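Novice: Sequence:
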Amino acid sequence: MKIEKITMYRVCNPIKRPYTTAFGTQKAFNSILVRLESEGLSGWGESAPGGGPFFSYQTDQTSFLIARDFIIPQLLHREIASPEELQEILSPIRGHEFAKAAFDVAFWDLLCRKRNIPLKKAIGGTKPKAEVGYCFGVLANFDELIAGIDRVTKAGYPRVKLKFCPGWECDMLDAVRSVYPKLTIHIDCNSAYTLDDLPMLRSLDKYELAMIEQPLMHDDMIDHAKLQKQIATPVCLDETICSLQDARQAIEIGACKYINIKYARVGGITNSLAIHKLCGETGTGCWLGGMGESSLGTTVVANLCTLPYVNYPSDISPADKFYAENLGQPVLLTDQPGTYTLRDQPGLDVEPNPAVLAKYRQEEYSA
153 MKIEKITMYR VCNPIKRPYT TAFGTQKAFN SILVRLESEG LSGWGESAPG
203 GGPFFSYQTD QTSFLIARDF IIPQLLHREI ASPEELQEIL SPIRGHEFAK
253 AAFDVAFWDL LCRKRNIPLK KAIGGTKPKA EVGYCFGVLA NFDELIAGID
303 RVTKAGYPRV KLKFCPGWEC DMLDAVRSVY PKLTIHIDCN SAYTLDDLPM
353 LRSLDKYELA MIEQPLMHDD MIDHAKLQKQ IATPVCLDET ICSLQDARQA
403 IEIGACKYIN IKYARVGGIT NSLAIHKLCG ETGTGCWLGG MGESSLGTTV
453 VANLCTLPYV NYPSDISPAD KFYAENLGQP VLLTDQPGTY TLRDQPGLDV
503 EPNPAVLAKY RQEEYSA
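Take the sequence shown: its position 156, counting from 1, is numbered 308 in our numbering, and each next residue is one higher.
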């Protein structure tokens, strides 16, 4: 396909209530949207790096700049046959996976629309539904958290993920386990600890957690491998894994037993598929995470959840959890709490809501 036109938007969409993790408190989610046009068809992609360099060095502003000045000139008016070729074209650009991801997703959407097939079929999804859990940030108090867990477990969610950071640690888990001794739970530390915290990290085994997500530094493998040797609870890597090579090295040295695959963090659908395949070949657990995307991005995550080696309920937030006005339409809705059934339409079958995009657009570029 020849890429005839590219349009890109930088968006800041406010959320209904502040969301607190070890990185701090967010009041909005920042993303970039990309539209690729070819032969009368359009493909859309979203990537949500955030508004500050806290999850990674990348932000919506740096991603927009890298895309405008370096990615778009490489793709515009160029014949590109496959997502793999697109990744090869972008490979000289070091890093900046969030920027690359938006273009990778848009290309997959465009390709599927041209071939008139759903994204799920194109990527080899085999499961009829996407199975998901529910994630809780740091809340005002334990009572609010227990009430929230009670609500989502009664609704049918199969597991919960709890943000875990200094000030919201073992006392929080004691409170939760006192009410839910057998519930499938894992914690997400967002790189809040070091091996100096080993006594506390060892003590987490008693809570029988499904896993501990990214307990140590955002770019670390060696210390995670040391930690995994000293605790029974599986370690899951998130921020550390930005490429297939990262995943291979982490698995080889025993740094993790699970990988949280976030398509935007690893550069798109194409690289997510490669990491998923590696996990299957090595017996490493994997599941899908999100970055607070709109229904454009969560639909990508839901499609990836149907891949055969995904073996743990993934992170897809309900459409109404964060946003009063969702940027994507149609909004991705659960058919029942804990599962999503994807529509059998070509491509992603999601586009931006023009009114919401116009309201929250910060910057626009066309070429």
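These are calculated hints, taken from the structure and not from any lab test. None of the values given here were measured: they were computed from a predicted structure. Note that CB positions come from ideal geometry on N, CA and C, so glycine has one too. Possibly wrong hints are sitting among the right ones.
What the hints assert, rightly or not - Have a look at the derived ranges for each label pair, beta carbon to beta carbon:
#	residue 1	residue 2	range
1	Asp302	Glu477	24 to 32 Å
2	Pro482	Gly406	28 to 36 Å
3	Lys409	Cys322	33 to 41 Å
4	Pro482	Ala384	38 to 46 Å
Novice: Looking back at the numbered hints, which does the structure fail to meet, lowest number first?
Specialist: Violated: hints 2, 3.
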